[in-house]
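**Student:** Residues per chain, in single letters:
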Amino acid sequence: MRGSDIEELIYTETEKRLNEMESKYYVFPKRISAADVTGIAVMIAISLILIILCMTGVIE
Amino acid sequence: MAAESEYVKQETVTGAVPMLKRDRQYSFWDLFLSTSGFAIATWCYTQGAYVAQYLSFRQMIINIFCFNIVWVLIECLPVLFAVRYGIDLWIWLRSVLGIKGVAIFATVISLANFGWYAVDSQLFASSMINLLGGLGLTLDPVIWKPVLGVLCVILGTMIALGGPDVIKWTNRFLVTALLFVGVVVVVLCFTSVPLAQIDAVKPDTSLYATALGRFMLSAEGNVAFAFSWSTQALVLPRLARTERSGYWATSLAYGVVAPFFVFAGGVMALAMFVRAGYYESDPTTMLATLCGPGFSLLSLLMVAFANIGTQGTGSYVNCMIVKSGLPGIRYKVLVIIAMFYVSILTIWGWVMENFGKFISMAAYIQGPIIGMIVVDYLIVKKRKISLKSVYYMKGHDAYKFTNGFNLVGLSCLVISFFFTALFVYNPVTATIKSNIFMFTTGSGFTAIFGGFLYWIASLTPLKKYMLRDRDDLEIV
Chain A
108 MRGSDIEELI YTETEKRLNE MESKYYVFPK RISAADVTGI AVMIAISLIL
158 IILCMTGVIE
Chain B
102 MAAESEYVKQ ETVTGAVPML KRDRQYSFWD LFLSTSGFAI ATWCYTQGAY
152 VAQYLSFRQM IINIFCFNIV WVLIECLPVL FAVRYGIDLW IWLRSVLGIK
202 GVAIFATVIS LANFGWYAVD SQLFASSMIN LLGGLGLTLD PVIWKPVLGV
252 LCVILGTMIA LGGPDVIKWT NRFLVTALLF VGVVVVVLCF TSVPLAQIDA
302 VKPDTSLYAT ALGRFMLSAE GNVAFAFSWS TQALVLPRLA RTERSGYWAT
352 SLAYGVVAPF FVFAGGVMAL AMFVRAGYYE SDPTTMLATL CGPGFSLLSL
402 LMVAFANIGT QGTGSYVNCM IVKSGLPGIR YKVLVIIAMF YVSILTIWGW
452 VMENFGKFIS MAAYIQGPII GMIVVDYLIV KKRKISLKSV YYMKGHDAYK
502 FTNGFNLVGL SCLVISFFFT ALFVYNPVTA TIKSNIFMFT TGSGFTAIFG
552 GFLYWIASLT PLKKYMLRDR DDLEIV
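Protein chains in written order, with the numbering used here: chain A, 108 to 167; chain B, 102 to 577.
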């Protein structure tokens, strides 16, 4: 296949897939939950507290 | 026709075409093990040995794990759109930097990222020479270092040519074994040198006069280490089936597993200092000294297989990044070009000799991109993008910007880079320019400042230039 054929093929396939995603029957992957967001926040908070304890010399 | 459908299939898993839900191949464990396999390599021990010299044992643990966890959890937030739409970071970045901006920066970042794989193969070569030396077979490093280094690149290329399925199966076995060996090595270190003696090691104060300065200079290395994954982190999660599995598999691999091996390197270096009076970063030498020559065979698994696995996954991921900017080039052609490029870097050796400067300089480009993409995804675009514009479908041109360059995004990147280098921390000379460094590190500041500038721009009349897609959100 030549370069222009490849680009045309990629364009056509991309268009087909985007149309499928646009259809009301397409089911997107399941979203993350509030529990996940809480988990992220807790892990960042604990890490920052430990970093601050080191920076202030509480943990030597 | 069969050739065409085969090509389409290839372009889905090794190209820039969006992945639909039915294409997804990776469960949580597949993604976690593949990403961990990518992250675990000898550079972890190099990083750990560096940090171990300048910090107390407790501060070393916190420095390694906490800075990595904070930044990896933040930089992995865009994984959520990668999973939802089946696209890579660099496809979304077309809306932040413009298509030509992405073509340039995706290539530049990948050329820089491949420097890591040159380091990877050089560490493989030196460890193999040490290992064989311990077994009585002396090899001349001048001849064998480049030969073994290139061998590592070639073996990794064979894995990359196999694509995600080969990577998945390679890592299923490899990473399970590596995690086991990592735990065994840490236990062996604590057995051969008591924890109390490791804890009593006084840090080297030559790096900086104050304890805070040493802590933050070590943190600069760990933040740059965390950033090094960022521009490569979203290729594999496209293959995940849910946002939860995609996010946690990626962030735990880069934020916990990779730092665990950095920690293992730190523990080995400290144990070596107690036992032999000097710091060492080569696991082969460390294990032979601490536990006897027989145990250095463990490093065959730690170094040989880990570095070849990393070489393979890294080649796949970075060739995918280049394809985001230059989609017309065939994946296999890119992998072969990458093989020659990394082989040349390996034989040249410049990256290895300037490792500290190299990772900080790379982080200074990756930092602003992290800041901008998180702000763009969560605040500016509110998690919605025009997929048809991002793929330049006919009649959808919300992201054309100025001749293919988003001047606002590119300006934020360039300003962050130079402002931080001039006024916060210069990565080339490794000099601290202001006390801001003591709060954010240099690399961390590039991300904070890049995101801040991008957010401020979105509050000005520039918003019209940045957000032309709000009437074109057909897929959400």
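I should point out that these hints are in silico values taken from the structure, not numbers from a laboratory. Here a beta-carbon is modelled for each residue, glycine too, at the ideal position from N, C-alpha and C. Careful, some of the hints might be misleading.
To be verified - Partial pick of chain A residues on the chain B-facing surface, computed with a CB cut under 7 angstroms:
1. Thr121
2. Arg138
3. Asp143
4. Thr145
5. Val149
6. Ile151
7. Ala152
8. Ile158
As the list claims (entries may be wrong) - Below 27 angstroms or equal to it, Euclidean Cα-Cα: the simulated DSSO-like pairs (lysine-lysine) are:
9. Lys495(B) x Lys123(A)
10. Lys201(B) x Lys433(B)
11. Lys534(B) x Lys201(B)
12. Lys201(B) x Lys131(A)
13. Lys564(B) x Lys501(B)
14. Lys483(B) x Lys137(A)
15. Lys564(B) x Lys131(A)
16. Lys433(B) x Lys131(A)
17. Lys483(B) x Lys458(B)
18. Lys534(B) x Lys123(A)
19. Lys123(A) x Lys201(B)
20. Lys433(B) x Lys485(B)
21. Lys123(A) x Lys565(B)
22. Lys458(B) x Lys501(B)
23. Lys303(B) x Lys483(B)
24. Lys131(A) x Lys565(B)
25. Lys495(B) x Lys483(B)
**Student:** All hints, please: hold or fail.
**Tutor:** Results for each hint:
{"no.": "1", "hint": "Thr121", "verdict": "holds, 5 angstroms"}
{"no.": "2", "hint": "Arg138", "verdict": "holds, 5 angstroms"}
{"no.": "3", "hint": "Asp143", "verdict": "holds, 6 angstroms"}
{"no.": "4", "hint": "Thr145", "verdict": "violated, 12 angstroms"}
{"no.": "5", "hint": "Val149", "verdict": "violated, 10 angstroms"}
{"no.": "6", "hint": "Ile151", "verdict": "holds, 5 angstroms"}
{"no.": "7", "hint": "Ala152", "verdict": "violated, 10 angstroms"}
{"no.": "8", "hint": "Ile158", "verdict": "holds, 5 angstroms"}
{"no.": "9", "hint": "Lys495(B) x Lys123(A)", "verdict": "holds, 13 angstroms"}
{"no.": "10", "hint": "Lys201(B) x Lys433(B)", "verdict": "holds, 23 angstroms"}
{"no.": "11", "hint": "Lys534(B) x Lys201(B)", "verdict": "violated, 33 angstroms"}
{"no.": "12", "hint": "Lys201(B) x Lys131(A)", "verdict": "violated, 33 angstroms"}
{"no.": "13", "hint": "Lys564(B) x Lys501(B)", "verdict": "holds, 15 angstroms"}
{"no.": "14", "hint": "Lys483(B) x Lys137(A)", "verdict": "holds, 18 angstroms"}
{"no.": "15", "hint": "Lys564(B) x Lys131(A)", "verdict": "violated, 31 angstroms"}
{"no.": "16", "hint": "Lys433(B) x Lys131(A)", "verdict": "violated, 36 angstroms"}
{"no.": "17", "hint": "Lys483(B) x Lys458(B)", "verdict": "violated, 36 angstroms"}
{"no.": "18", "hint": "Lys534(B) x Lys123(A)", "verdict": "violated, 53 angstroms"}
{"no.": "19", "hint": "Lys123(A) x Lys201(B)", "verdict": "holds, 24 angstroms"}
{"no.": "20", "hint": "Lys433(B) x Lys485(B)", "verdict": "violated, 33 angstroms"}
{"no.": "21", "hint": "Lys123(A) x Lys565(B)", "verdict": "violated, 30 angstroms"}
{"no.": "22", "hint": "Lys458(B) x Lys501(B)", "verdict": "violated, 35 angstroms"}
{"no.": "23", "hint": "Lys303(B) x Lys483(B)", "verdict": "violated, 49 angstroms"}
{"no.": "24", "hint": "Lys131(A) x Lys565(B)", "verdict": "violated, 30 angstroms"}
{"no.": "25", "hint": "Lys495(B) x Lys483(B)", "verdict": "holds, 25 angstroms"}
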